[in-house]
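**Student:** Protein chains in written order, with this note's numbering: chain B, 9 to 350; chain F, 9 to 350.
Rather than coming from a laboratory, the hints here were simulated on the basis of the structure. Where hints are given, some of them may not hold.
Which copy? The list can't say, so a pair holds if one copy fits it or any two copies do.
[Claimed, not checked] Pairs of lysine to aspartate or glutamate residues, derived as DMTMM-like cross-links and limited to a Cα-Cα distance of at most 20 Å, are as follows: (1) 64 - 182; (2) 49 - 205; (3) 76 - 277; (4) 25 - 261; (5) 25 - 205; (6) 64 - 328; (7) 105 - 328; (8) 76 - 328; (9) 136 - 20; (10) 105 - 55; (11) 245 - 182; (12) 257 - 328; (13) 303 - 150; (14) 308 - 20; (15) 49 - 328; (16) 105 - 253.
Protein chains: 2
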Amino acid sequence: MAYYKHRTISFDNCYVKDGFTIAGPKESDGCLRGHFDVQLKDDMMGEDTFEHAERKMFETAIEGIAAKSNLCFDEVNLVLGGDLLNQTVSTSFAMRKHPVAFLGLYNACATFVEGLIIGSTMVQSYLKNVICLAGSHFSTAERQYRYPLELGVLRSPVTQWTATGVGSCMLTNDCTQSNVKIVRATIGRVVDYGIMDVNNMGAAMAPAAKDTLIAHFRATDTHPSDYDLILTGDLGKLGKQILVELMAKEGYDLSNNCADCGASLYFEEQQTYQGGSGAACSALVFSGIVLSNLKKGKIKRMLLVGTGALMSPTTSFQGDSIPAIAHLVEICSTQEVCDDIS
Amino acid sequence: MAYYKHRTISFDNCYVKDGFTIAGPKESDGCLRGHFDVQLKDDMMGEDTFEHAERKMFETAIEGIAAKSNLCFDEVNLVLGGDLLNQTVSTSFAMRKHPVAFLGLYNACATFVEGLIIGSTMVQSYLKNVICLAGSHFSTAERQYRYPLELGVLRSPVTQWTATGVGSCMLTNDCTQSNVKIVRATIGRVVDYGIMDVNNMGAAMAPAAKDTLIAHFRATDTHPSDYDLILTGDLGKLGKQILVELMAKEGYDLSNNCADCGASLYFEEQQTYQGGSGAACSALVFSGIVLSNLKKGKIKRMLLVGTGALMSPTTSFQGDSIPAIAHLVEICSTQEVCDDIS
């Protein structure tokens, strides 16, 4: 494994074997209808609280990805993941059911890609099968970060909708198991442009995505046109537009091949305004339709850029701005000749 | 690097170059007085809120460890860490000041050792200089997890005192930089023995420490007597006693060489009851006096077992028990011949 420079690293033998997704009712009715393994009709999942429902989604995703990969839990070496609840309790509590090594992560909505980077390093070094997962639940996030659900607060037109769901992937170092390869990664750093409006997280996160993308292009000597798809996590429609404009000012044209997981989740009439947000966004979209298109060779080379807003209600109450981070993985379908990469 | 079995992994070239600690007033007056790099007289650090003071401790620790290691931030490849505040805001906000790659972690008070494990893997694979850090602040933790400070709630005799401070280490792959080597690690899994009393976290965490210790002894074919020191994170006096008893039932005698960071921090008259807790405990004690004793060869081979209780106030309100996790690193002073290890 070569260490390029600055924050960019490369991997020789890390493959994404499978993905498993469980999505909430609104997400299952959205643009990606039919592309999730489990499509929930009831976001309570028969539980007594939204928090217990979120936990059950995580349990389902962990069991689902192991089953889909034909592995029993003895063969899973590690689970890496996190969620948005205080103390990331959904992931931690779900892990009670499975006697597998666990490392809990938190970089807000960039947690899924953070997991892919650490997981790729672990798989590269010694582990055989590693689960990476992240998720969120609209109702738990809303009442923890914003207002009680019962209050019926009017939403601002720049807001996004926290996606309900969990996305999970199985990483492996066995090249016979998959043609989808994680080849490089750029680890993000914390960027704060002084955005104070917690309803406008796309604006807070776009500069972090810009920072990481430019670091990756420079370290690898690539350009946006080298990729079939540049997929950001949950900037939303407005945030994506800000990113495209920020990148244009730096001489990078993202106008042709950039998409955002959050902006891709819902139909206009579902009234999510700027689209989806939450740790589930990139996990659901990548582990579902995107991974499937990589496997089929429809996408040959892409960047997945997880974006996270790192504030808490307490920091906002205390007058702080919103720092953000973006982590990036470069993924290839190995039907493409990637000799120039590793 | 060899992967042993189950949850235990080994490292060939990971060294702990330096440690840097900043400790609160109570900790600086405790048993380890004089062993911290910065001993605070004011736990507000001149800031307007306790949360901002905690953040400033993290900023100080990041700057301190880089300076002590004679590195500018261009030479630091990665920072790994976390804290106990919701959304781990102390670490994330502190990272705004430093243009370095950052991966945020959360495994409660096991976060420091979690960072050492991921950091060792990263250093082993490609990175040269990695900072691992964790910390906590009594006043922020108390008001977030328990009661408003002004309420003056009487404390139960089984409680511990959340330590104020941040401990940080610089990991490197350069063997000329240090004689202290991280040689093996065992990653924890989530264990829940059904403890419901949030005042008695030692009891909740002791079974997790047992689980990880036994996994490590079995995978490496070692015994407690092979180590000069088995140092747990923050079980406290009662939790440590429970661990020693649980291990005795399994045939492992910890009575001679087991110590607990939390139980080692304060004098009896400081009225912390069972001792310290919090993410700062293992970070402060290891990065200070223990690392110093490893460098001098006074400790030749030891286990550091970070212990974390993974509940949140919400899970306790909703009637859930307290899951726990323990991560372990085995550390050698390379003056000892460790041929049998790697």
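**Student:** Taking the hints in turn, state whether each one holds.
**Tutor:** Hint check results:
{"no.": "1", "hint": "64 - 182", "result": "neither (30 Å within a copy, 45 Å between copies)"}
{"no.": "2", "hint": "49 - 205", "result": "neither (33 Å within a copy, 36 Å between copies)"}
{"no.": "3", "hint": "76 - 277", "result": "neither (34 Å within a copy, 57 Å between copies)"}
{"no.": "4", "hint": "25 - 261", "result": "neither (32 Å within a copy, 43 Å between copies)"}
{"no.": "5", "hint": "25 - 205", "result": "neither (39 Å within a copy, 41 Å between copies)"}
{"no.": "6", "hint": "64 - 328", "result": "between (34 Å within a copy, 14 Å between copies)"}
{"no.": "7", "hint": "105 - 328", "result": "between (38 Å within a copy, 14 Å between copies)"}
{"no.": "8", "hint": "76 - 328", "result": "neither (43 Å within a copy, 30 Å between copies)"}
{"no.": "9", "hint": "136 - 20", "result": "both (14 Å within a copy, 19 Å between copies)"}
{"no.": "10", "hint": "105 - 55", "result": "within (17 Å within a copy, 43 Å between copies)"}
{"no.": "11", "hint": "245 - 182", "result": "neither (37 Å within a copy, 46 Å between copies)"}
{"no.": "12", "hint": "257 - 328", "result": "neither (28 Å within a copy, 51 Å between copies)"}
{"no.": "13", "hint": "303 - 150", "result": "neither (35 Å within a copy, 49 Å between copies)"}
{"no.": "14", "hint": "308 - 20", "result": "within (17 Å within a copy, 36 Å between copies)"}
{"no.": "15", "hint": "49 - 328", "result": "neither (38 Å within a copy, 26 Å between copies)"}
{"no.": "16", "hint": "105 - 253", "result": "neither (46 Å within a copy, 25 Å between copies)"}
In terms of the numbered hints stated before, the structure departs from hints 1, 2, 3, 4, 5, 8, 11, 12, 13, 15, 16, listed from lowest to highest.
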